[in-house]
Structures are given as structure tokens and as C-alpha cells.
Amino acid sequence: MGTNLTIGKAINAGLRAAMEHDPKVLVMGEDVGRLGGVFRVTDGLHKDFGADRVIDTPLAESGIVGTAIGMALRGYRPVVEIQFDGFFFPAANQTFTQLAKMRRRSAGKLSVPVVMRIPYGGGIGAVEHHSESPEAYFTHTAGLRVVTVANPEDAYWMIQQAIRSDDPVIFLEPKRRYYEKAEVDTTASIAEATPMGAARIARPGTDATLLAYGPMVKTALQAAEADTDHSIEVVDVRSLAPVDYPTIVDSVKRTGRLVVAHEAPLSGGPGAEIAARVTEECFYHLESPVIRVAAFDTPYPQSRLEEHYLPDLDRVLDGVDRAFAF
Amino acid sequence: MGTNLTIGKAINAGLRAAMEHDPKVLVMGEDVGRLGGVFRVTDGLHKDFGADRVIDTPLAESGIVGTAIGMALRGYRPVVEIQFDGFFFPAANQTFTQLAKMRRRSAGKLSVPVVMRIPYGGGIGAVEHHSESPEAYFTHTAGLRVVTVANPEDAYWMIQQAIRSDDPVIFLEPKRRYYEKAEVDTTASIAEATPMGAARIARPGTDATLLAYGPMVKTALQAAEADTDHSIEVVDVRSLAPVDYPTIVDSVKRTGRLVVAHEAPLSGGPGAEIAARVTEECFYHLESPVIRVAAFDTPYPQSRLEEHYLPDLDRVLDGVDRAFAF
Amino acid sequence: MSDTTAHAEPELVQLLTPEGEFTAHPDYPLDVGADEIRDLYRDLVLVRRVDSEAVSLQRQGELGLWASLLGQEAAQIGSGRALRDGDMAFPSYREHGVAWCRGIEPKELLGMFRGVTNGGWDPHEHGFHLYTIVIGSQALHATGYAMGVQRDGAVGEDGTAVIAYFGDGATSQGDTNEAFNFASVNNAPVVFFCQNNQWAISEPLERQARVPIYRRASGFGFPGVRVDGNDVLACLAVTRAALANAREGNGPTLIEAFTYRMGAHTTNDDPTRYRATAELEEWKAKDPILRLRRHLEREGLADEEFFASVDAEADAIGERVRAECRALPDPEPLDIFHEVYAEPNVHIDQQRSEFAEYLASFEDAGVEGGR
Amino acid sequence: MSDTTAHAEPELVQLLTPEGEFTAHPDYPLDVGADEIRDLYRDLVLVRRVDSEAVSLQRQGELGLWASLLGQEAAQIGSGRALRDGDMAFPSYREHGVAWCRGIEPKELLGMFRGVTNGGWDPHEHGFHLYTIVIGSQALHATGYAMGVQRDGAVGEDGTAVIAYFGDGATSQGDTNEAFNFASVNNAPVVFFCQNNQWAISEPLERQARVPIYRRASGFGFPGVRVDGNDVLACLAVTRAALANAREGNGPTLIEAFTYRMGAHTTNDDPTRYRATAELEEWKAKDPILRLRRHLEREGLADEEFFASVDAEADAIGERVRAECRALPDPEPLDIFHEVYAEPNVHIDQQRSEFAEYLASFEDAGVEGGR
Ligand SMILES: Cc1ncc(C[n+]2csc(CCOP(=O)(O)OP(=O)(O)O)c2C)c(N)n1
Ligand SMILES: Cc1ncc(C[n+]2csc(CCOP(=O)(O)OP(=O)(O)O)c2C)c(N)n1
Ligand SMILES: [Mg+2]
Ligand SMILES: [Mg+2]
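Chains as they are written, first to last, in my numbering: chain W, 2 to 327; chain Z, 2 to 327; chain F, 750 to 1120; chain U, 750 to 1120.
Quick caveat, the hints were computed from the structure, so don't treat them as lab data.
If a hint is listed, it holds; no wrong ones were tucked in.
Simulated restraints, written as ranges between beta carbons of each label pair: (1) D23(W) to I125(Z): 40 to 46 angstroms; (2) V1095(U) to D23(Z): 22 to 28 angstroms; (3) S805(U) to Q223(W): 33 to 39 angstroms.
Each residue gets a CB set at the ideal place from its N, CA and C atoms; glycine is no exception.
Hey, can you work out the whole structure from these sequences and the hints?
In C-alpha cells:
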């Protein structure tokens, strides 16, 4: 009963379903209206739900998140689009000191169910600030949930789950994978969808665990295919905060090796916490230290260098080799 | 030949020395002028160097950092004060997308030697936003140097080294230790001071390495004293970006155990990267996983709870015990 | 060129002179009876008392900090009493007078400055949001809330209005200016109430703005007005008018209440380092309470008995506040993990239970946890 | 109440009508000879050609992206030619015309959009900062730079002036407004030059501001002026006056150049999704180049030969730009680590050498690194 959808279209369909389900759901951001967003993820929503529910905002990210908080306090469920990863930073104050802390500050009397959609990651040949992977800033901030998707199925369901969550959710969209296609059963029930917080074993294996999320899941699966010497288990993390450690730890205890791949810079990236934590929990099971394959600790370079900057298939395979070399 | 100085006064003296040494050094921020800053760290500078060099700015952190960048581009060396850790966030965009990246963006043609002084950390019984430990946001951002001080000697020299550095430097001041006193030889030469990037063995030991920085160094030293069963080596990290791994790895290879303590929340805190990295480099030397003692992954609580939230002597000792329990 | 000297000579709306003489204002007619004026007087005296008790409690170590409203009572009571029940206020951290008008118990405010809560009241119940400490942030929340009000269709005479409070310093923040713009472009039913107390900690107004603050509004396309912030009747009239405008779909207004911070910035501050006492003396003559008292007296609206009864009430409240403050219970250690997330969160649950075990280990050992 | 309909009928400074007729303006006298006007015409034609070549190069896959200045040539050349050698300009990402005036080679601009650099020129050498993509950020850099100029004492007739460029959308950003305020409070020698091309990607001006943008300045206490952005002479005159003001210590000015983005936002954009073609037609009649040509013709300041020579020059530049673009060398992989820090950094050095080894391992194995 599936519909063939790209990741971008699946998020669009998920937004539509959420708006139909709950009249309090709003979409807001720069160019999300008539244009349908620069990636067309909100395509058609303005036409069908009107300018009151699909709001083209002034060009001001702090204003967008700040007013979304206000609307959430009034009972709405705003889905904010930050146009590109690199333009999140003007909204850092509203996100970190307000959105993330409002529930706890009020001892639960206030709820701010804002979803912040951010197309993130590189590989699209863009100019500066359009290829960042800022996830670690979010995962280090208590009070936020952080999720990301790697396939149309998750895209369709997780955006709806994020919108239904009473917690603020940072919803990271792997922009270079927007056009990846697959069947999605949009007639299924949301209750049956895999919970937003759960990791998923994308490919079972026995010799090493290869952990990825968002845009790197595809690369990880390719690496697992390519490594014909070993049986590699690929885990799609899906939720970066909280991380589903039980699934990961279970996998590592079976395989004895862990490689984590991400586009974010190495130092202090999500792989650091995962490595530290898994090492604590699997100290006697690990046959090698956790190997991290990540971008370098430099600013994202001009696009003609991005193929070298981003961890690609070869770099992931090199990481796997390093794990087996111990 | 020492002068007895608190950490706060030592930074003040260091600022004064830097301003005397180089007329391009400016101080700017909220209330840094006549008031001398809310912690009096810029006390007397306005009077002696005038309003052109000690600038009371409008109440706008993005504006402060943004104009400091502009002044640096004109050849000045602005030392910016962010009044409290929690008020850094409005300046996140200017810091992360502009300050950190300007040199690389321009392939070295532009230099933005801005120092951002931030009193950080908790333990002073303050209201919300006055007790944050945001260091991991900075250490994950390529292009910034991040340092912190734990004693008057370092405070006096490192602020001067930070100002002389052509890189932007985040200078984190442990506010609850501002009043710690020690002798500082202010007649020595800056060339002889320990380099800003070097870690320091604050107390030698043989059984485990206990790593701390800023406000936690004192607690770590107390813990080492208190643990009469073991010989604990305490390392004061000093530079959080880059981290002086050779010193740390050398220590861990000798002791076989590492405990990292910080006030920042656990997940994705500086301890995560240190644990991941040290485990990679010392895999066969570690007799226990790296143990982290940190604040919880919750917003900084109301002050009546902070003694429970912050890692204290008991929690550090508990961490050390856990390391020995493996 | 703009007028750069206008800080000193504001074109302000005033209904009561410092001597308590009433003059009607053509644009801001005010219909208040003697009862209402006496009630305003009572409000002013009582919030000043709550405030001074809080300052003493801080000196005695019962509070970590206190931000005194001394001198700003009229701006807060005047605007606060202009609000209706369903309206929503977004305060900064000094709006104890507005809190009072919204039915917040003083002990709730004290609790926050004592460090037992981060603001214990229910904002929805009171139409009064939590105090916001990061300067400027709440201006955007108010604007967004007002945009929600628009979407609810709560406009018209019975509609809902929203008010955001902030100081002169806050007008320098990007967020405040973004809020002005969002409110203007969306014609949102929000009133921006700036208490220009002429100081942002140690920085005088000239470091924040070159022209009077109310003028900022016109640059964003909505009206701005400067009112005598020490005149409770003018503050009431001007705020009522602006709220009515908002309610009826005519969009935002910026009110600059020109007043003076008579105390220190907070109990941590030492204003002798940066301002002349002469300035303070000058403003004492314009005291908002004195002014209303003179008015009541000169118009024969209240007698000695009334004033004595208010003073007695203030004494009683003072006593109550002291007792309630001391009785505020400390939060439980495990409260650290409370309401960080709405949905179940295994990670936080695990940290909570590990910490509970850790704490229990001290009890087992018969020693006290923590430092 | 403010005028809320004024977007359409601006009180703008115009020296040349769309038909090319010159009228002197009392406040903005302009002393330009025929040579200078012809040079301006040449500038306009050549930058338009560079721009259209860049659009084609993007279509051919030689550039990742291009942000066309089509329609905004007069605003950029007029203001750019008002600058003096020692002045400093802080552009946004569309200021190819200003770059031209500052002596930046077109290939440097192309290099950035091709992804071989993030802006290869030396800002100090040219008095032209790198393109800034994060909207609004550069307004603060310009203001800070101007504060530095003040501290250098570079004021007076021979002083240095600073100019910041940004669009209509950028006026909504907190940073832009903070820059207005810092500049005003410090009386900094900076001119804010807003090209109001009436669109921020797909959002029309009404989504950004309710009143004309130049009026924003008065709210911050400094003058604002709206100029016909398609009139190169008016842009020159108004910018010169504002720069002179800045130079002489009279502080900032906001110039709103009322113009129109005739092309797509960037080569990625599809404006048919959000705007009517009629609007474009209307603006074609106000084309900045056509207008100046009509002026030159009607005043007899240039002949066919001149126009032909400019066209020939444009053809030559077009060819040069195409060739130079294709010849731009790709950066070396290890360039990733270049100039991240000024001071030695063991951490980066280690990553660089590990990556060098990694790359070498492919060479040793006789295969190509990377994907
Ligand atoms: C973003 C931010 N920066 C700095 C501070 C520290 N701070 C607290 S109050 C204050 C001055 C505020 O002045 P004003 O807005 O005039 O309000 P007032 O205190 O006079 O009521 C400052 C700088 C803060 N709370 N938030
Ligand atoms: C902070 C930030 N947010 C979003 C963007 C994405 N973006 C690029 S250009 C643009 C519109 C800019 O409009 P305007 O300021 O009018 O300039 P114009 O493009 O019309 O020249 C947007 C939203 C950005 N570059 N920076
Ligand atoms: Mg104030
Ligand atoms: Mg525009």
C-alpha cells in the first residue's frame, strides 16, 4: 500500500498529515509560504492551509524561534523552518536559554512544543554556511530532543511524532539525501511507527558495529556492503538526544567493535559522547577503542574541497579497518 | 618578588599590563567602564585609559562581539567581556560564524585577535543564567582557542598571552574562584610564562590521573589529598582547545586510570572528547574506562540545588573510586 | 538631523504634577473614581513595602539577590492595573508591581530570588509569564503570543491584549527590535512597555540610545508614546489606551515610561561607583507615591485614617512576607531532574536513579551527602 | 499613527527621470562632468555583462551558484563610485558592482561561487571586505571598523568613511538593528546602504517592514534618506553626501536605495512561483542602464561610437571572464587545514599530517582518494 516518496516529499506529506490532524499545528519560517521553502519541503501547504497557518516570517531567526515560543505558550504547535544549518546561530539564545529551559523553569507549568526543522550537512556544492552539521550544539543542551532521519519512512513518521511531542524537538533533515526515494505506507497508523527515540539496526552483522545517522547512514550501508571480509552491523541512531544506548550497547557487546561516522567535526561531535559512554558500558567487550570517522576540526571548507572534508565511503572503510587492526 | 593577588585582581593586572604594552588593546562590554564590571575585573581601567579604550557598550552581546570584530579588522585588539556565561548566546552567531571563521575564510588575509572574557560556572548562589558552563559549545567550534584559569599566576599571564595571540580566544574565568589568592611574580617576563596551550601537572601521582580545569582544579586537588589510599596525579588542563594531549596521554600511560571532572553537563561535555581521544591513544594502558564526573544533563537548577548539581569533592572521590573498582 | 538632546526634555504625557495637581490630557481621558485612586495608592505603598522587605531579607541572607523596583511603582501599578483578566503580561525581572496586580503572591517572587524555584507561579492562571532574565527575550514571546491571540480570533472590544515589559537597556538588544518588527508586520495585539529608569546597571541612557526611546516605534511603523512613569494615573491612562488599540486590531504601541531607578540595580550593586547622589535627590522630589498622596490630600479624597490603615496593612504584609520567605521549603535534590522533558526520557531517568542511589549511599553510611 | 501605505509612493531623491531627464536636487548638488557620466555608463554596462556571464557559467556547471545583481547596477555603481581609496566597504553577497568599483577582479568573485575560495581577495588592499552571507552580520563589522576609525582620529575632510551594504530583508535581523544603535550611540562614521530590491527571496517587502525602510534611522536617532536606486547619479550624490557627513564626524546615515531585483534571487531560485511578471515589466521601464543612456543621448554627451566601444569592451570582458573562470585552479586537499589558526596548533597539524598520509596511501596503491 506504499507511496513512492523522496525524503523531502515524505516530510512534506508528514507536515500535511500533522496539520490536518491538529488545527493548532503551524508552519513558519523564511520563504515557507508561497515558495514552499528553498527545498520545497513546505510546498503546497500555504495554498491549502492559508497564510495564518503557514507563515512567511521576517528575515530574523531569533524572531522566528522567539515568536514560535510565544505561540506555543498560547497553545499552538509551531513547526519552524531554519532555512539552512548555518543560519541557526542567530536563534541560539532563544533556543538554548528559552526553548530548552521553559518547561523545567516553570516546573512543568509551561509547555513549548516547538519543532525546529533544519536542513543540515554538506555535499551539495554550496557556498559557506550552507553545509554545517551543528548537531552537537543541540545534543549538549538539556531540554531539547534531537532527531534526524535517513529514509522516507522515518521522514514521514518522525516529523509527525516530533510535532506530537510536548518537548521541543530539533528535527535535522539530511539535505543531500532529500531526493532519496522509497515506498512509504502512509495509510499505516502513527501508533505503529517505530518510536522517535529508538535506534534501528539498519543491517545486521556480527564482526563490528558501524553507527551512523542522517546523511551518513547510506554511506555506512555502502561501506558494510563493500567490506566483504567482515560482517558489519549498521545502526541508524535516529535520535541523537536521548540516544538509545540499550540498542547500541547490545550491538557492541555482540560485535566487540564500534565505528561511529558523522559529518560533524570530530572534536566534541556526537561521536565523542557515544564513544565515551559505550566504552564505559562495554569496557570488557571492546576489542578495539571506538573509532570515529568524522569531518576535520576546521571550518567547513569551500565546496571544491568538501569531498575531502566529509567522511566518504573510503574514509568509513578506513575507520573499519582501523577497528580491526587493533 | 611576588604580589599577593586574587584571580580577579590578577586578570585585572594582566589587562592593565597588556594595555600598557600595546595601545591597540581595548576593553569593551557592559558595565566595564566606570563600574569596573560586575566582578570588578576591569576596575580602574576606565579611569586610567579613558572611555576610548574602555568602552561601555549598549546592552547587546551580538553587537559587542560584532563591533569587536570590526575593530579587530581595523587593527585593534579588543578584549570583550560577556557579563555572565548565560548571556553569551545572543552573540553565538557573531562568534561561531564570523569570529571563528574569518581567518580561514580569508585564507589568512584577515586576522581578528579578539579575546572574549566570560565569567563562567556555578556555585555562587545566583539566579538562572548566571552559572552556566558553556565551554563545549566553544571547543566544538573550529577557529577558536579556548582557555581557562585556575590560579592567580595563570590568570595574570594567560590573559596577556590571550591578548597577544592572533587567534580569537575564549577566556573562561571561574567566577566562584575569583577570590582565591596567591603570590604572582608580576616582574617576570611573559616569555618565561608557561605557554597558554600547555596542560600542567598540578600534583604528581602514580595510581590515577585526575583531570580538571578552571573551578574544578581546586576540588580535584582536594580530592587527591583526601584519597589517602591512592596516589592521584592532578592535571590542570588549562587549554580546552586545543587540548595538550601529549601531557595527558603521558600521565595516563603512567597511571593507567583517568577521571575527568567538570561543571559542564556530562553529555557532550569536554570530558566526552577527552575520554574518547585518550581511550584511542591509551587503549592498552587503561585499566578502567575513563570515568567522567560532571553536572547532570539537565538545565542548571535553582541555586538551592546547585550543591547537588555541581560535582563536588564527594562526587569526585566517588568517580575516583569507580575508576579503581574496575 | 534628529534631535540629540531630547533625553532631558521629554514630550511626556502627564496627568499629575509632582505636586499632585491633576490636568486632563486631550488624548488620554481618564475615568477613575476616588475608590480606584485610593486603591492605586494602596497598591503603590504595599508593593514598595514588599520590595523593601525583600531588600532587607537579602541583607539578612534569606535571598540570594533582589532587584528592587524602588521608584518604578507608578509605572508598574499604572500599567498593571490597566490589564484585564484575560490579558497576558510578559515581565522582565523587576516587575514586582505588575506581579502584584496579577495576583502573584510575594513569596513566589521571593522564592525565585531565594533560589528555591525559577519562578513558581502558573503563568496561565495569572496571565503573567515567568520572569525573564535574558534581556529582551520576552519581547518576542509576547509578540508570538499575540500572534496566537490573532489566530484565535480574540480581537475586538472583548479581545485579549498582550503586554511586554523591559527596560531602557533592553532596547539595545536585537531581540527587542526584532519583536518590534514582527509585531508591526503582523499588526499583533501587543503593547511594549519600556520602563526607562535611565540606567542599565551602571550605564546611563546615553550609552543605549541617542534619542528618546518611544521614537523607536515610528521607525518600525507603529506609534510610540512617552509617559511620566512616576505618574500612576498617566501610566494607567496611556496603557489602557494602548491595550484598547491592540485589542481592537490596531496593532502594537511602544510606551516609554520615563522614570528613575531610585535604588541599586540589584542588591549586589553599588551605584555610588557610577552615579551622583544629586540625581537621586532630584528624583526623590518626583516620587510616585508622594505625588499620589499629595493628590489625594489636595483633592480631599482620603484622610489620615486612610493613610494610617494603608500603613498598617503594609506593616502586616511586611511581617507576612518575612515569615513566608523564611518558611519557604528547600527543593528536594532529585527535583533537579523534574520536568526537564515532558515525554519519558530514559537518559534522565537513569541519571536520576543513579543519583538517588548515590545519595542513599551516604544515608546508609550515616553521613551527609553533598559538600 | 504612522503611514502604512508609503511603500508604493516613496519620497525619493531622484536626479534622473526614467526618461533620462536631469533635475538638480537642492539637498544633493552633484558636480559631475561628461567624462564621469560616461565612465558611470561604462561601469554599469560592464558589471551587467560580468553578471550575465556568471549566470551563464552557473548554467554550464562552472559555478555552484550565482546571485545576480540585475537591476541593481545603479545603486551599486553610484554608491561604489562615491567611495574614496581609503574608505572601507562591507558588502553582502550581491555587491558585484561595488566590488568592481573597488578593483576586485571578477574572477575573484567567481572563485567564491565556484567554491574554490571563500573570497580570495585582500580586503585591506581593496578597502572591500569579503562577502558576508549570514544576513546582517557585516553591519556590525562595519560599525566596529568605523569605531576603530574614530579611535585612529581619521576624521575630518580627509577622514575615512565606512559603508555597509545589505538588503531589505536584512533590516529585520537583530544584528542590523544593533548596528544602527551602536553607530548612533557612538556617532560612528558609517553609512548603511540598503538596497531595497523589494524581495527577500520569495518574500515581498510587506513581510519585512510596514513603513519605508529609510525611516528606521530616525528611530535610532540618525538621518535616513530614500533614493531612487535605479538612478546612478542620485545614488552617487546621496552616498557622497552621507560619506562626507560620516567623514566629518557627523555620524551615520541610512540610505535606502529603492530598486528592484530583476532576476531570480540566485540561480537556484524560481521567481515564477511567487511573483507576477507584470511587476518585472514595470521595472524594466525604469532600467538603470537605459536611463543613463537616454540621458547621455538627450544631452549629447556620448555618440554611437562611444556606445559601440563600451559594448565591445563588454564582449571582451565577457570572454575574459569565461576563460578565467574555467582556468581557476581547484584548491589542494590539504588546504582544508590552511589558516584555521594563526598560531601553531598541534591538533590541526596532526589531523593534517594524518590526512596527508591517508591520501598518500591511495597514491601508493595506485588508486584515487576521495569518493
Ligand atoms: C542578554 C543579557 N545580557 C546581560 C544581562 C545582565 N544584565 C542584567 S540587568 C542588566 C541591565 C538591564 O538594564 P535595563 O534593560 O535598563 O533594565 P533595568 O535593570 O534598568 O530594569 C544587565 C546588563 C542580562 N540579564 N541579559
Ligand atoms: C541569517 C541568514 N538567514 C537566512 C539566510 C538565507 N538567505 C539568503 S539571501 C536571503 C534573502 C535576503 O534578502 P535581502 O536582505 O532583501 O537581500 P537580497 O537577496 O534581496 O539582496 C535569505 C533569507 C541567510 N543568508 N542568512
Ligand atoms: Mg534601566
Ligand atoms: Mg531584497
